[in-house]
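Asker: Spelled out from the first residue to the last, the chains are:
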Amino acid sequence: MATERMQVLTKGFFKENPVFIILLGLCPTLGVTTQVINGIGMGLSVIFVLVFSNIFISMLKNIIPNSVRIPSYIVIIAAFVTIVEMVMHAFAPSIYQALGIFLPLIVVNCIILGRAEAFANKNTVFDSFLDGVGMGVGFTMALTLIAFIREVFGAGTITLVPMGSFDGVIEIPLFYTYPVRVLTLAAGALLLMGYLKAFFEWNANRKRG
Amino acid sequence: MAYVAIFITYIFINNFILTQFLGLCPFIGVSKNSESAIGMGMAVTFVMGIASIITWLVYNLLLVPLDLAYLQTLSFILVIAALVQFVEMIIQKNSPALYQALGIFLPLITTNCAVLGIAIMNITEGYTLMESFSAGIAAGIGFTLALVLMSNIRERMDLHPVRKAFKGVPIAFISGGLMALAFMAFDKALLTNLLG
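Protein chains in written order, with the working numbering: chain A, 1 to 209; chain B, 1001 to 1196.
Some clues are possibly wrong.
[Unchecked claim] Within a straight-line C-alpha distance of at most 27 Å, the following computed DSSO-like cross-link-like pairs (lysine-lysine) qualify:
#1 A:Lys61 with A:Lys122
#2 B:Lys1093 with A:Lys15
#3 A:Lys207 with A:Lys122
#4 B:Lys1167 with A:Lys11
#5 A:Lys61 with A:Lys207
#6 A:Lys61 with A:Lys11
#7 A:Lys207 with B:Lys1164
#8 B:Lys1188 with B:Lys1032
#9 A:Lys207 with B:Lys1093
#10 B:Lys1188 with A:Lys15
#11 A:Lys15 with A:Lys122
#12 A:Lys11 with A:Lys207
#13 A:Lys11 with B:Lys1188
#14 B:Lys1032 with B:Lys1167
#15 B:Lys1164 with A:Lys11
[Said to hold, decoys possible] Chain A residues, not near chain B, derived (Cβ > 12 Å throughout):
#16 Thr3
#17 Lys61
#18 Asn62
#19 Ala98
#20 Phe126
#21 Phe153
By construction, these hints were calculated from the structure, which means they are not laboratory data.
Each residue gets a CB set at the ideal place from its N, CA and C atoms; glycine is no exception.
Just need the whole structure built from these sequences, with the hints factored in.
Answerer: Written out as structure tokens, the structure is:
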């Protein structure tokens, strides 16, 4: 039983990574990942919405009539997205600005509706909670990886949270002077995603033998 | 003149897929053949035009007077979901031929970021009702353009040998990236040169 639980939690990290393997939620993946901090901020928002919508949907799964389940899920998800929007606006205005339109667009992020439909409406509350955490962490890791590559090579910096005398920006010597500018643009994001996906395909093929 | 500028902006300069990253899921998912790409593009353009009008009305006549602007996301997605269902029913009843062509794509549109994206953008840009409608249609045309171009590229790519790891989605992303590079030629300068 315990190992099954662990699998529910960890399958989202690599084996069923929502971004690289199932290809869900691509718009924010490429849209906000110009800086590492934006990737992390987006990831945390999605974890919050995903965990709470999974919990609530699996609690209400016997009450919601089957024919109106999709609109009901959307309302639950939209409520949590509105909470995230308001909290971010109040406490992290710079990330709120940077995420822009992609913050309200979490509502239509296929990962959340996908997990509600594929997992939360069939499983127990605790399993749905674990699934939400796992998928959310997998999503955040993918976003952080893409943002890290794009920022280091494209701008020569790593932007994190400013703390005390540290202004939050780490400069990488060589790339700061000669950045590969295309990676910060839209085209670079699509190219990078293509190569990363090819790497994951190659890796999967290699394991299959 | 303002409408021409909106059309050029949303079709070429701020193309939804290639520069804004809105609607990437259908860009990768429904671009395997050009027939379904055209069907999906038409359905999205249609819904985006109507959704722009209705969400504008909901925001300006309902949410703002009642001081409920924070319910924007919630009400817009409900309006869009209801609208898509409604459009599906009307088309099915009145025009079976059109339903044959667009039917299977309609349920997918509710979760297309491009539709909610244009609704929110119309509000943040402060467009009037007619401007919102034009922006919706123009963004839909831009979406269709990118989708159809992509599907033609992918149809041709099927005939060429592609390395195993790059087959399918990875090479589609890379082609999309190269297309986005080409679309970078359309920038704000184009608008100033054309319209003065």
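Asker: Run every hint past the structure and note whether it holds.
Answerer: A quick look at each hint next to the structure:
{"no.": "1", "hint": "A:Lys61 with A:Lys122", "result": "8 Å, holds"}
{"no.": "2", "hint": "B:Lys1093 with A:Lys15", "result": "44 Å, violated"}
{"no.": "3", "hint": "A:Lys207 with A:Lys122", "result": "31 Å, violated"}
{"no.": "4", "hint": "B:Lys1167 with A:Lys11", "result": "25 Å, holds"}
{"no.": "5", "hint": "A:Lys61 with A:Lys207", "result": "38 Å, violated"}
{"no.": "6", "hint": "A:Lys61 with A:Lys11", "result": "23 Å, holds"}
{"no.": "7", "hint": "A:Lys207 with B:Lys1164", "result": "14 Å, holds"}
{"no.": "8", "hint": "B:Lys1188 with B:Lys1032", "result": "32 Å, violated"}
{"no.": "9", "hint": "A:Lys207 with B:Lys1093", "result": "51 Å, violated"}
{"no.": "10", "hint": "B:Lys1188 with A:Lys15", "result": "43 Å, violated"}
{"no.": "11", "hint": "A:Lys15 with A:Lys122", "result": "21 Å, holds"}
{"no.": "12", "hint": "A:Lys11 with A:Lys207", "result": "16 Å, holds"}
{"no.": "13", "hint": "A:Lys11 with B:Lys1188", "result": "45 Å, violated"}
{"no.": "14", "hint": "B:Lys1032 with B:Lys1167", "result": "12 Å, holds"}
{"no.": "15", "hint": "B:Lys1164 with A:Lys11", "result": "25 Å, holds"}
{"no.": "16", "hint": "Thr3", "result": "31 Å, holds"}
{"no.": "17", "hint": "Lys61", "result": "20 Å, holds"}
{"no.": "18", "hint": "Asn62", "result": "23 Å, holds"}
{"no.": "19", "hint": "Ala98", "result": "14 Å, holds"}
{"no.": "20", "hint": "Phe126", "result": "27 Å, holds"}
{"no.": "21", "hint": "Phe153", "result": "15 Å, holds"}
Checked against the numbered hints listed earlier, the structure breaks hints 2, 3, 5, 8, 9, 10 and 13; every other hint is satisfied.
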